[in-house]
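Visitor: This is what each chain is made of:
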Amino acid sequence: MKREFMKILEHTSIANDTYRLLLEGEMVQDIVDPGQFVHVQISDDFYLRRPVSICDYNRSEGTMTLLYKVMGKGTDALTKKEAGGFLDVLGPGGQGFPLPGDEQTHALLIGGGIGVPPLYNLAKQLNDKGIRVTSVLGFQTKADAFLIEEFESFGEVYVSTNDGTLGTKGFVTDVLSQLESVHDTYYACGPTVMLKAVMDQLEEVPGYISMEERMGCGIGACFACVIESRDDKGYKRICCDGPVFDAKEVVLS
Amino acid sequence: MNLSVSLPGLQLKNPIMPASGCFGFGKEFAQFYSLSDLGAVILKAATGEKRFGNPTPRVAEAASGMLNAIGLQNPGVDSIITDEIPFLKEQDVPLIANVAGSTVEEYEEVAEKISAHVDALELNISCPNVKEGGVQFGTDPELAKEVTRRVVQASRVPVYVKLSPNITDIVQMAKAVEEAGAHGLSMINTLTAMRIDPKTRKPVIANQTGGLSGAAIKPVSIRMIHQVYKEVNLPIIGMGGIESSEDVIEYLLAGASAVAIGSANFKNPLICKEIMDALPQTLQKYGFSSVQEAIGGAHHEQTAASILRA
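So the sequences go chain by chain: A and B.
For the first sequence, the numbering used here assigns the number 50 to the initial residue and increments by one for each residue that follows.
For the second sequence, the numbering used here assigns the number 82 to the initial residue and increments by one for each residue that follows.
Using 30 Å as the maximum straight-line C-alpha spacing, the simulated BS3-like pairs for lysine-lysine come out as follows: (1) B:Lys-311 x B:Lys-256; (2) B:Lys-131 x B:Lys-226; (3) A:Lys-56 x A:Lys-130; (4) A:Lys-118 x B:Lys-280; (5) A:Lys-245 x B:Lys-280; (6) A:Lys-118 x A:Lys-129; (7) A:Lys-122 x B:Lys-280; (8) A:Lys-245 x B:Lys-131.
FYI, nobody ran anything at the bench for these hints, they're computed from the structure.
Just need the whole structure built from these sequences, with the hints factored in.
Guide: So this is what it looks like as structure tokens:
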């Protein structure tokens, strides 16, 4: 991991309270897997960095795309950053999604809200490998939805919204219960309550989940973002052992 | 510029060290700079058995600071000795082990075991985030005296007692542990605090309360060190909200002989290195030719207030 002041090339609003940042810097060359994150320092006024997943990256252009949602004062202040300026970024952090081996043919991607972005580059890479991609994307309401057309270029997309303004009314799990289960692997990212529901519903299918949690250092030293695990050690650190875990190795409460 | 400081058990090449709990066991920070540059490393707290710690969320932000309630998560003293200390030993840097426990016996056991592998102990009687032990020893002078006396006996190396600010009279506590044989003090631990989320109407931190650290607590720590320096004849490792070499000067002037940097490591993993690099110039700016010369400077300053040193 490195600390770098990355150049902001673009900064635009893409949905309700949701923004897209295009950053340029050397750090992009260090990205290993889709699903890794960066730890963003908004300004000296904020004591904790904000973990943001990497939505997409382009090694040859040296750019990465971050999507974030305004959740409080810090992310609100982030919206004020302008293209041409620089952002203090620590990264790339954590372990991303492992790409499947040759025996897998059909992947199911499940994203909830601001959990959707890290699945984007994964979908792209799965598609490049010739693996069939089905995506289930859940949002609160139509105004919150984003990236749907982009995911459609990689395969079928099913959308759910809590209020039914777009796609199926309800949660991603309501869509999953209607899907034919022909997929051999699933990848999910979203709020813990969603991940738990997905894990229960897809218990028979091998899967990977990406966790979100309030973080301190973001490099594995402070133990702020731990989760119970099934190994002898008994815990994993989301920032460095994760954020992506095999669904069988962690215990969600 | 002479940055070295000599303290019981510790020959420091400079007065900068990362604070306990903010630096793990060093490995994660070794990717950013060489740990051998540091004055010393204070390890994450060790307890007798492994501890999982508190439920999450364990951190929250506050104005000029943060709250944490990790709950002393650690793999236990035996595992720290076998799995963590060997890496640090290779770094050629003095080590201070932070010793925690729920009972006096546990403190003794941890101190006895780990003191064979480090240069000094930091006796943690001030963690506000555990239900048993921790801060209860740090808020009652009689209990503090007893656990200090027993740990000093059990330890093969000097013992620095880490004091809690969550008390009325810090001087009384410092005197109690001095009487019990402490070799030094470490000041201060975090201030017990809480934040509530208006959306959920619940405390942000799962443990409800957490320890407040960061720039917000620096004036509290400076005041306490200033008070204790006057009354107690023990060297002090100062900590609380240090983010710059200017902050270090303030701590030295109040009476600290060395300083530890805590939550600022989360903002910037290179902060200790940057402060070490900036310190010689900042000392010079304020008219000092060594770190030693600045220690306690606020207590012996005789020059008229209208004359600025820098």
